[in-house]
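Novice: Please construct the entire structure, taking both the sequences and the accompanying hints into account.
Listed here are the chains, written in short residue letters.
Number of protein chains: 2
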Amino acid sequence: MPSAAPSLSIAVLGCGTVGTQVVRLLLEQGEELSARAGTRLELAGIAVRSLETERDPVVPRDLLTTDAESLVERADVVVELMGGTERARDLILRGIEAGASVVTANKALLASQYGELFSRADAAGVDLLFEAAVAGAVPVVRGVRESLAGDRIERVIGIMNGTTNYVLDAMTTAGWDVDAAVTRAQELGYAEADPTADVDGHDAAAKAAILAALAFHTRVDLRDVTREGIRGVTPEDIEAAREAGGVIKLLGIAERVATPQGERVAVQVHPAVLPLEHPLASVRGAFNAVVLEAQAAGRLMFYGAGAGGPETASAVLGDVVAAARHRVTGGRAPAESTHATLAPARPADLGARMQIRLRVADRPGVLAHVSTALAQHGVSIESVRQRPGDDGSATLTVVTHEARLDALLRTTAALQATTGVEELLSAYRVEQA
Amino acid sequence: MPSAAPSLSIAVLGCGTVGTQVVRLLLEQGEELSARAGTRLELAGIAVRSLETERDPVVPRDLLTTDAESLVERADVVVELMGGTERARDLILRGIEAGASVVTANKALLASQYGELFSRADAAGVDLLFEAAVAGAVPVVRGVRESLAGDRIERVIGIMNGTTNYVLDAMTTAGWDVDAAVTRAQELGYAEADPTADVDGHDAAAKAAILAALAFHTRVDLRDVTREGIRGVTPEDIEAAREAGGVIKLLGIAERVATPQGERVAVQVHPAVLPLEHPLASVRGAFNAVVLEAQAAGRLMFYGAGAGGPETASAVLGDVVAAARHRVTGGRAPAESTHATLAPARPADLGARMQIRLRVADRPGVLAHVSTALAQHGVSIESVRQRPGDDGSATLTVVTHEARLDALLRTTAALQATTGVEELLSAYRVEQA
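Order-wise, the sequence lines are chains F and Y. Under numbering that gives the first Met the number 0, the first residue of the first sequence carries the number 0, and numbering increases by one thereafter. Under numbering that gives the first Met the number 0, the first residue of the second sequence carries the number 0, and numbering increases by one thereafter.
Since the hints were derived computationally from the structure, they do not count as laboratory data. Computed from a predicted model, the values in this text were never measured in an experiment. Accuracy of the hints is not assured; some may be wrong.
Chain F regions said to be covered by chain Y (calculated; three or more residues, Cβ under 8 Å) [said to hold, decoys possible]: (1) 15-28; (2) 81-92; (3) 286-296; (4) 300-312; (5) 322-331.
Glycine is no exception: its CB is placed at the ideal position from the N, C-alpha and C atoms.
Specialist: Structure representation (structure tokens):
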């Protein structure tokens, strides 16, 4: 390093799994990272809640502080890895006001305060970077924000949560039920003690909302994201998908929808049946993958580790180097882009195919009742399989042709009151290969 | 667009398949692209060799010019899509001297003149962007240059040429020989009338050299890239790979190699046997995919269309928007990074496993001779399969354990003079899953 070059001070907020790895790599690879950034990167401090907590020995004790406020005020780049929303937001805004660029992995914060954070960063002329907030090490944020900036993204579809992908994968390969697979994921460290954020799709919803905002140049309110988690997925659902040549994955899907009232944006998180030929069908374990469907580029897939300390730290440090380069050469990362201002889509704007599984009375005429119920809602049937149970009932698996989503939702509600139908076992969207 | 914002003038050099699509998208999506760039993008002209050539009607005739020199001198962004090296280089340098940023898809030019182009662009403080030069629409250049800037890339391995992947895929699925598959690729427009650049690995070598330079912060001389094309691959080789649970792919591989003399860089292009579990094994047809193996991020894969007019144009326009953003907000793309200055590796520095296929005399003792020849070079055997032929000879397929590459190359040479060996049919590297 030329000793004359001014250095940049980096403040790390939070020293959990990811924070520890960021600190380790900043120290171990400091010279190399500084060479790439074009200036010396100096770790100014690490804000923690308590100085007493036992930590990895790579974390220098003399850099720890509980005074996050004064740390961010003397930083050139604030790296927020503490999680939570209120205090993280306050510290980020304090850093921005003091002229620091911000790197964060906090998807919950971004998804809920996207507009405010961006407005403040743009007004201050600093970077707001968050590659690590979506799909861990997988560089899909930069892909959407920059690589595809010359194209029109039509749809973003991905496996955005590694925990639920591990769980569904374990259910598929080991035949476990969802509780057993979640317990196993917890034992392996893939799932939190309280798995709600993952299992109920909140985490994937936040990521899908962030990608939708970037891809469609529109602010997306998290309340407009429809969300269904994986708690209802049974081994029998997975077996039915397998028989149909598919697998069940929890997908985050953000797409443009043409409507008579103009273009809208739909963001949905739900389990879906994917045919084995789909590029996302072979994503195993805790990996993430995101497919961008663009007008000119066609289908692009980004694949890699969706979580993990070192993996997430890699994405964080890529952003730190980018922010530092901007400090050295001028310029900044793309500002918030909201010029499209598309409205959220409604179920009536969306189409879908659905796999509906019903427990029915095993007697003649039931299929006729079911078919009639579907027809009454304008839903036509692509295939039906009936399998006898051992208790006088049978399982009926219906795959529909593409229909309006509102019609499909009304149909599944109506089927529960249809003569001969004992139980609606499951209803999942079916993706095209 | 605010009418007060100054516009940027874009010069397109070349109006072939990609140039036509770039022009089309610049005109059709001009408002949207301008909104993203933060300034009006104005197509200033399209340099062509002849005004008389028949062209797609989307190309405005009044923008065509044969005076490329004066076009580049009044451009803010020069988009070089003419191919070839000498004239393309002269025009790019002329544009750089005049203060224009450069976007190019010209991998042959970049691989051969990387240092000069970068030095001149860096001296002038302008951008040199080339996402489209490697793997078409697949945004791997930005991935290496920016997303992984905070990590240490150990290895880049990819299917970087769609034509040869189509050919090998057709040989695998249809059982064709290489000539028939190349002819089919030509009929479909995947291969040029003269397929040399693709089939003999020149195209993949240029791309691998570019990625190596970016990933390892070192200038890479194209003459240091070892290169073997697919002309020698037979249906029998593919069948032997299949029996071993793999497929044959033409790979570009760039990697760091630790040696007693310090770290070196190896860049190689050759057909290799990939186990079906490898993420690159399932890349079909003319698609491209590149895997980055990084210290912290682990394995990341980028997948998409490796060629095609609209697909390549998407990557070109992403770079045009990036160059325009830099003009508006200041700053620039990463400069050339050569601080590592690693030397090229030699075969003695490299390790490999190999699948060696031999036609041997079908009589006792031959396997002993072959085993002895391998042992004499320090190469140990992982598996052997012998299959009788119909002419008194047999086919022996040997897979070695990992050994030094120079020893393996000496071994295959020695095997041709080993008693009982009639012919060395093929010798391919075997990749780990």
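Novice: Each hint: holds or not?
Specialist: Verification of the supplied hints:
no., hint, verdict
1, 15-28, "holds (count 3)"
2, 81-92, "violated (count 0)"
3, 286-296, "holds (count 4)"
4, 300-312, "holds (count 9)"
5, 322-331, "holds (count 6)"
In summary, the structure is inconsistent with hint 2 from the numbered list given earlier, while agreeing with all the others.
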